[in-house]
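Protein chains in written order, with this note's numbering: chain G, 1 to 734; chain V, 1 to 734.
Just so you know, these hints were derived from the structure itself, not from any lab.
All of these numbers come straight from a predicted model, not from anything done at the bench.
One thing to keep in mind: the hints can contain errors.
Because identical chains share one entry, a pair is satisfied inside a single copy or across any pair of copies.
[What the hints assert, rightly or not] Simulated crosslink set (BS3-like; lysine-lysine; CA at most 25 Å straight-line):
#, residue 1, residue 2
1, Lys-690, Lys-207
2, Lys-582, Lys-690
3, Lys-365, Lys-615
4, Lys-28, Lys-38
5, Lys-375, Lys-582
6, Lys-302, Lys-365
7, Lys-365, Lys-582
8, Lys-375, Lys-207
9, Lys-595, Lys-207
10, Lys-375, Lys-615
11, Lys-37, Lys-52
2 protein chains.
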Amino acid sequence: MPVIFWLAPFSSLLALGFAYYFYKNMLKLDEGTDIMKKIAKHVRDGASAYLKQQYKVVFIVFMIITLIFVILAYVLKVQNPWVPFAFLTGGFFSALAGFFGMKTATYASARAANAARHSLDAGLRVAFRSGAVMGLVVVGLGLLDISAWLLVLNYIYPYAAETTNLLVITTTMLTFGMGASTQALFARVGGGIFTKAADVGADLVGKVEAGIPEDDPRNPATIADNVGDNVGDVAGMGADLYESYCGSILATAALGAAAFAVEGTGVALNAVLAPLLIAALGIILSIIGIFLVRTKEGATQKQLLSSLGRGVNVSAFLIVLASLGILYVLEIPNYLGIWGSIVTGLIAGIAIGQSTEYYTSSSFKPTQRIAESTKTGPATVIISGIGTGFVSVTFPMLIVATAITLSYLFAAGFSFDIVHISKGLYGIGIAAVGMLATLGITLATDAYGPIADNAGGNAEMSHLEPEVRKRTDALDSLGNTTAATGKGFAIGSAALTALALLAAYIEEVKMMFVEYLGMPNFILNGVAGNIAAKDATFMDFIYHYEITLMNPRVIVGAFIGVMATFLFSGMTMNAVGRAAQKMVDEVRRQFREIKGIMQGTAEPDYARCVAISTKAAQQEMMIPSFVALFIPVGVGLIFGVSGVVGLLVGTITSGFALAIFMANAGGAWDNAKKYIEEGNFGGKGSENHKAAIIGDTVGDPFKDTSGPSINILIKLMVMASVVTVGIAIKYALL
Amino acid sequence: MPVIFWLAPFSSLLALGFAYYFYKNMLKLDEGTDIMKKIAKHVRDGASAYLKQQYKVVFIVFMIITLIFVILAYVLKVQNPWVPFAFLTGGFFSALAGFFGMKTATYASARAANAARHSLDAGLRVAFRSGAVMGLVVVGLGLLDISAWLLVLNYIYPYAAETTNLLVITTTMLTFGMGASTQALFARVGGGIFTKAADVGADLVGKVEAGIPEDDPRNPATIADNVGDNVGDVAGMGADLYESYCGSILATAALGAAAFAVEGTGVALNAVLAPLLIAALGIILSIIGIFLVRTKEGATQKQLLSSLGRGVNVSAFLIVLASLGILYVLEIPNYLGIWGSIVTGLIAGIAIGQSTEYYTSSSFKPTQRIAESTKTGPATVIISGIGTGFVSVTFPMLIVATAITLSYLFAAGFSFDIVHISKGLYGIGIAAVGMLATLGITLATDAYGPIADNAGGNAEMSHLEPEVRKRTDALDSLGNTTAATGKGFAIGSAALTALALLAAYIEEVKMMFVEYLGMPNFILNGVAGNIAAKDATFMDFIYHYEITLMNPRVIVGAFIGVMATFLFSGMTMNAVGRAAQKMVDEVRRQFREIKGIMQGTAEPDYARCVAISTKAAQQEMMIPSFVALFIPVGVGLIFGVSGVVGLLVGTITSGFALAIFMANAGGAWDNAKKYIEEGNFGGKGSENHKAAIIGDTVGDPFKDTSGPSINILIKLMVMASVVTVGIAIKYALL
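All chains, full assembly: derive it from the sequences and hints.
Right, here's the structure in full:
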């Protein structure tokens, strides 16, 4: 490995070091009054108990899948021997990232509330730096693991020695990604069901029926609701972005190896290293950005937002410069073009965030119109929310379409000619890497949200002074805005990553054909060389027909792919509905049976509600997750590679649209409700407000369960396809 | 033309003759009491006024598009000179079919109510035979126009003389289809907005705020609501299925010409005629089926359903036999296999209908669960309805996927080998023809629904005896069931038709490449002949790369295609929301300002409500329709054929899923409300009932505006692509 490679493990360790530093500093702070401590402990214990239970279930699932991989690798021999281990490590590190994030968040929320008793800036600093722990842990662990696997594999299967070694390396690395995805799916779906069952249950009985405010300690589901923020939003999102981050780097590395094969192994290796090194620089710049976030007392919402924005923007601007430098140093051919792809990815990420903000912030027309539609009752609130959500997919999809086109064209030298296709696909991959390079800080702003939310909850439950509540409210409100843009960002990066993975899948197929069916290695050379060569064209033709839209298997695959996203979304929606139903029954029972709750003389049974959410989440997350894992395998077994490629395109495109639709509709309903609570259209307690609460409740599973889970679904389905491609080629029925 | 061809025009005239006969017989019946006549006249006048206004707007749109076609054909010369005329006739006949259907329906409803005063059977007979008028007009006009164009074009450009004449014939015929689609889109979108603005407005103020029952004459929007049933459900659905019917026949004819080219012009001509003749036989069998529909007094819901079922099933069974006969007579090669494709289409249509019934009928778990979720209020009703709707796409999509696979394999001799591809695609087309062959009677059961609904409305408003109300309720309830299965059927046939059109598009592209870019006619021969021929492979390769999923332009197209369906659905949802808002304001105003409405001493201003719906529909239908027309052209201009193919696959797959989702969620909410009204979960007037009404109101634009409009959208986008393919090939930017 060249010396520059060591920048990657160095940066990862730096990230982990700073994460530890922020974590330790946060722990030193005071948690506040006894009641604050007690509440924080409730939440912490609930979150730990949930994650423990979740990891137990996931462990069993991983054992089963690993066993299958062992059979594939050692009995059927359609996979290399490293695959089971790669799968396990991917899952393990993803879980670890989520666990650390959750742990930090649950220790931080009371401390942030307590800091807010002193000043707004102190509160912001505690909450944000605790969020940064998660951001840095995710990127640190991600890049460290990738570096380690690359080192080991490159040592055993030196890439320079034989081209087919590439197959071993890329498959193993992508299996690592699949392990991370699988764990992430369970985390997102399970956490999402947990949090929304608690939230919907708490709202429907507490707010609507009993008429007590949000986070009131008399509400039995309120602790479960706060636990949910940590296990769903923090641990779930951490696992989600961990795998997007790893996925984009791994896919781009695989594409780089294929794209620059003809330029020689040295150039190809540098192309493999480029995404790792850009990520490494991104880590360093994120750390710098994190230190730039601070505010002053009495800051307005806008000033708070700009303090966060400063950190994020400076990191983003510097990564633009730094990535140009690294491409130049690595002597990547057409480094300016590839740099263009990176910039495209970065701009696309920002643009999607902007579009999300437009559609979900109450400062703009769409959300205001939803608020206005409360005048004619809940039905029109739902209609206008769904209508707005559908329309809101337009810009993000056009942005992604533009980003695909431009990042491809930049890297392929402004040509759609087939001889440049591998380079163009590398461009798409590296655009995703660019988008995610400064994940360390963007994720910090995301994880900040639930911490601030919980700090507010703690302040409310501990009956802190109005002044403090005002500060935590300001911090919380900021968290809602960053959550919305963060979601757009997560979905955008998921789409580009999934496309890069799809391209890697196709590269894999080419190599597999060679490996299993004994075809000459015409495509790998053909694409990079002269495709008109007479002896290669016939085989090329057969291969291309396989993934052509004239092939009915491809079309059938696309139908099934679209079906998969709808089915998955429906199952997770229904899961929340059922779980919320159980929560409602329990909260109603406690209000009825435990005397003195409403007077504050008796404490509700918080643990029981946590247990109900936990159990429901564990039961309900299994079937949707298995659907995600088995559909690609099933389609591969019946329709072969053609069906799988169609499937993935169907899933990626429709999944992207559904994810945006659900996230934006949910966000808009949430903020329309808040807009009314600010005194518009009748204000709190009016009929309009009640209609808005119904919209918000419907939006809960949209934006926090089904929507974000689709992000992982699309990536997991591609990775599962990559890892099982051998089966699809060897055993396909049709 | 061979003698057997004349069966097609003969059957069409027969259909029109019977339609006239049923119409005249219906007109002879008594319209009942004076008040019944008055109400019927109100509805009739409103519907006529609306359609007149709608046709004015559509006329202007058609003039503009025709002008564009004139430029394309006579100035740019990228289209043949017949195209503008074909476009106009398609639009004209589609409008005519809708107009006749609406006219009959508005004359029939009071007569059906009056007949129900004598007996249930008499009521059913009047309503059903009036529905049959529309069914027969649609198939009669459709097949007549196709036959006429085929005769004319074949005379001028004899197919046997030159292969390139085929290009002229198929493009012209498909432009005819595009004219029908364009008119249909306006009819569906405009009618859908009209009817749901009135319905939602009537429900929100009348039922929810004023607490008066459905169809109460004191509700100012009630006439508009009844007018809406006629212009939306009758005229809209007639235009929709007119173009599915024509589209499937035209696409299959075009595919037949390409698939059997090598077998000689005689065989190819027979393959072109086969879909026409199957449709012709279907007409005759539909007429037989219509005469089989009758019932006896005191029939249960189940018996009523089986009376309709008898007619539909007998026709379907006989068409299975008859189509085998016709394929045998035409001496189509592999006629047994192609017959298998037809049977596949028929079974798929029935299976999708069954699945729709399962998810939307209150006899089954899903709808009952939605009804149960009213216990926790409107939010959970919406969540479970959306969850159920998402899940409900699973079976229809698997059914379509299976139907594509089987109908392809049957026709291609159980092989996915590329040499049989044209025959396989012909199989997909003819499966759609099989599904739609007995449209004469299936559409009769569909159009029956709104007539029965209006009969019920008329009986309610005229204060007829409870006995009669019970009969009309029974008839209406039956209409709801047939409407649900009819919708599944319409969507299923739209998907298969769109796929057949897509295949026709690709055939068109092949010919266009030859025509415009001067390539040798290698593909047309290559596909049917020996593709391994050395001199064809390179060109083949380039061509196939164009529509390969490795081509980023295809992927970008797919993203935009999915975006288009979401955007379109969002715009139509929002349109209903806005229009309903205006209606609510007006109804509230009338209740406030016109004294004596509630006491029944003053008559509300019905006409004003009709005018509001009319105006809103005209304004709101323009932008969504233009989106549908211009996206394919825009994508073609930027990304060329590759982008368009991706676009169409994205639109067809996601559009199918969204259409099913919306239709089923809407149907399930509607029936969950009815289930509660039957006395379950608290019954009428309970809090649960109120929650169910909110679900039903949200479902209104789902199932009657956005959902059914998508059916047309997907077909129109394919046809618009076909017609503008020359532009995409010649002027594409990238």
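Note to self: With identical chains, the pair Lys-375 and Lys-207 could be close in the same copy or across copies; at 25 Å between alpha carbons, which is it: within, between, both, or neither?
What the structure shows: Intra 20 Å, inter 16 Å, cutoff 25 Å: intra and inter.
Check: Within a copy, between copies, both or neither: where do Lys-365 and Lys-615 come within 25 Å Cα-Cα?
Finding: Answer is between; shortest inter-copy Cα gap is 24 Å, intra-copy 41 Å.
Item checked: Up to 25 Å CA-CA - Lys-690 versus Lys-582, copy category -> both (22 Å within a copy, 22 Å between copies)
Notebook entry, point to check: Can you tell me if Lys-302 and Lys-365 fall within 25 Å by alpha carbon in one copy, between copies, both or neither?
Noted result: So Lys-302 and Lys-365 pass the 25 Å test inside one copy only (19 Å; across, 50 Å).
Check: Should Lys-375 paired with Lys-582 be assigned to within, between, both, or neither, using CA atoms and 25 Å as the limit?
Finding: Classified as between; 12 Å across copies, 31 Å inside a copy.
Margin query: Regarding Lys-37 and Lys-52, is the shortest C-alpha distance of 25 Å or less found within a copy, between copies, in both, or in neither?
Written below: within (22 Å within a copy, 72 Å between copies)
Item checked: Identical-chain pair category, Lys-375 with Lys-615, by Cα at 25 Å -> between (39 Å within a copy, 22 Å between copies)
Checklist line | Within, between, both or neither, where Lys-595 and Lys-207 count as close if Cα-Cα is 25 Å or less | finding: Close inside one copy (19 Å), not across copies (40 Å); limit 25 Å.
Notebook entry, point to check: Is it within, between, both or neither when you check Lys-690 against Lys-207 at 25 Å Cα-Cα?
Noted result: Answer is both; intra-copy 10 Å and inter-copy 19 Å each pass.
Notebook entry, point to check: How would you label the pair Lys-28, Lys-38 (within, between, both, or neither) given a Cα cut-off of 25 Å?
Noted result: within (18 Å within a copy, 83 Å between copies)
Item checked: 25 Å Cα threshold - placement of Lys-582 relative to Lys-365 -> For Lys-365 and Lys-582, only the inter-copy Cα distance (19 Å) is at most 25 Å; the intra-copy one is 37 Å.
When each numbered hint is compared with the structure, no violation occurs for any of them.
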